[in-house]
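Number of protein chains: 2
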Amino acid sequence: MKHHPIVPRERILDTALRLFHEQGYHATGINQIISEAGVAKASLYLHFKSKEELGIEYLNARQDLWFTQLRLFTDAEKKTRKKILAAFDFLAYVNENEHFRGCSFLNMLSEIRPDNYALLTSIQNHKQELRQFFTDILGEQKNDAADIVYMLFESAATESQLFKNQWPIEKAKQAVSDLCKLKYIK
Amino acid sequence: MKHHPIVPRERILDTALRLFHEQGYHATGINQIISEAGVAKASLYLHFKSKEELGIEYLNARQDLWFTQLRLFTDAEKKTRKKILAAFDFLAYVNENEHFRGCSFLNMLSEIRPDNYALLTSIQNHKQELRQFFTDILGEQKNDAADIVYMLFESAATESQLFKNQWPIEKAKQAVSDLCKLKYIK
DNA sequence: TTCAATAAATAGACTGGTCTGTATGTTTAA
DNA sequence: TTAAACATACAGACCAGTCTATTTATTGAA
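Each protein sequence line maps, in turn, to chains A and B.
Residue numbers for the first sequence follow my numbering, beginning at 246 and rising by one.
Residue numbers for the second sequence follow my numbering, beginning at 246 and rising by one.
It is possible that some hints are incorrect.
Chain copies aren't distinguished; within one or between two, either way the pair holds.
Claimed, not checked - Taking lysine-lysine and the PhoX-like style, the derived pairs with C-alpha atoms no more than 25 Å apart in a straight line are: (1) Lys416 to Lys428; (2) Lys409 to Lys387; (3) Lys428 to Lys286; (4) Lys416 to Lys431; (5) Lys372 to Lys328; (6) Lys328 to Lys431; (7) Lys416 to Lys286; (8) Lys418 to Lys324; (9) Lys387 to Lys418; (10) Lys296 to Lys328; (11) Lys296 to Lys286; (12) Lys418 to Lys428.
In case anyone wonders, no lab produced these hints; they're calculated from the structure.
The structure displayed is predicted, hence computed values, not measured ones.
Assemble the whole structure, with the sequences as input and the hints as a guide.
Okay, here's the thing in structure tokens:
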């Protein structure tokens, strides 16, 4: 034994979490994962029956990590408006930390075929939870304010990845502020 | 000769246009392209020096096709508000025709590494032109109305791909209408 | 208009590499 | 003693890209 501080399964998952996000799902091979995780190939297939299953577990792990960090930002605020703005600040924080690699789930969406229901469902569930997150903050409003904020949030993530710049987040925040003043968002 | 109605280079590009969009860039191999285009491998490498160059030409061709079709929708309208809404109708039309495969450029963005400047620049140029398209319609407004519309447009495309449903487009259209009534968009 | 020269397109073998996944046998830890 | 983890070779498929050799099409000149 190499006296690793964490068990092989977690080393694999941690490495997949990093590599899939940095390089993409298809661009990352099993061999690179086991090499950087310091794990034998047979060990990987002992814990995950295929690369796709590892992909699903990757999304599950990312889901937990991502929402936990998001809530660290939003829970610190009390007012509705400030909670929303804090969510956008979280996006900017992630961009800085992860070099504008964007959303793991949307990146995966672009890589899979539409008939890959296993992965597609994981992605949809994550986004459904994010929609619910904004609905919980804003409540059900006739004008679908929560979904408008959700869509601004999503494009802020995508467009900042695309332009490698935080301006889409700043513009989205400004729009949210304006819409609050106009009482479109309450 | 097989009496093909169009020359090999166009057959390759047409096939790439279809396959890259349907299956993704990495998931589509050169062999499938030449096979479905009815072209010899040496012919492909006669017209394109690498797969990446074909990828760039693919984006260029998509850019022309996409904007031409978009303008067919928007040019038919005279009022600012109706022009914008027509752009969203174009999105819904594309979703129907292409089975909710989303935006070719954003899909490519998710597949490439951030240091692939050749492809990244093509993608950025396309989106920059789209931003300009909305700015041309809406004019320069203090509140960045054009960029807000741009961001709603982008997420409408992405989210309808994700949920395989037109609701994000409908909600974005409703938001645009509301913002017009509130004089946020003029 | 015919014919030779040139260019374009063809088929397909081949290289060297990567991919996911399996199988074998050994070592370590519980 | 049992199970987990190890290293590593291997299979079979696919990848991008090169090369050879042949056939087809075009073009220019006599």
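Hints versus structure:
1. Lys416 to Lys428: So Lys416 and Lys428 pass the 25 Å test inside a copy (18 Å) and across (18 Å) alike.
2. Lys409 to Lys387: between (35 Å within a copy, 24 Å between copies)
3. Lys428 to Lys286: neither (57 Å within a copy, 61 Å between copies)
4. Lys416 to Lys431: Both ways: Lys416 and Lys431 sit 19 Å apart in one copy and 18 Å across, limit 25 Å.
5. Lys372 to Lys328: within (18 Å within a copy, 30 Å between copies)
6. Lys328 to Lys431: Within one copy, since 12 Å is at most 25 Å while 29 Å is not.
7. Lys416 to Lys286: Classified as neither: same-chain Cα gap 46 Å, cross-chain 47 Å, threshold 25 Å.
8. Lys418 to Lys324: within (15 Å within a copy, 28 Å between copies)
9. Lys387 to Lys418: For Lys387 and Lys418, the Cα distance is within 25 Å both inside one copy (22 Å) and across copies (15 Å).
10. Lys296 to Lys328: Cα proximity of Lys296 and Lys328: none, with 37 Å in one copy and 46 Å across.
11. Lys296 to Lys286: Close inside one copy (12 Å), not across copies (31 Å); limit 25 Å.
12. Lys418 to Lys428: both (15 Å within a copy, 19 Å between copies)
Of the hints listed earlier, those the structure fails to meet are numbers 3, 7, 10, in rising order.
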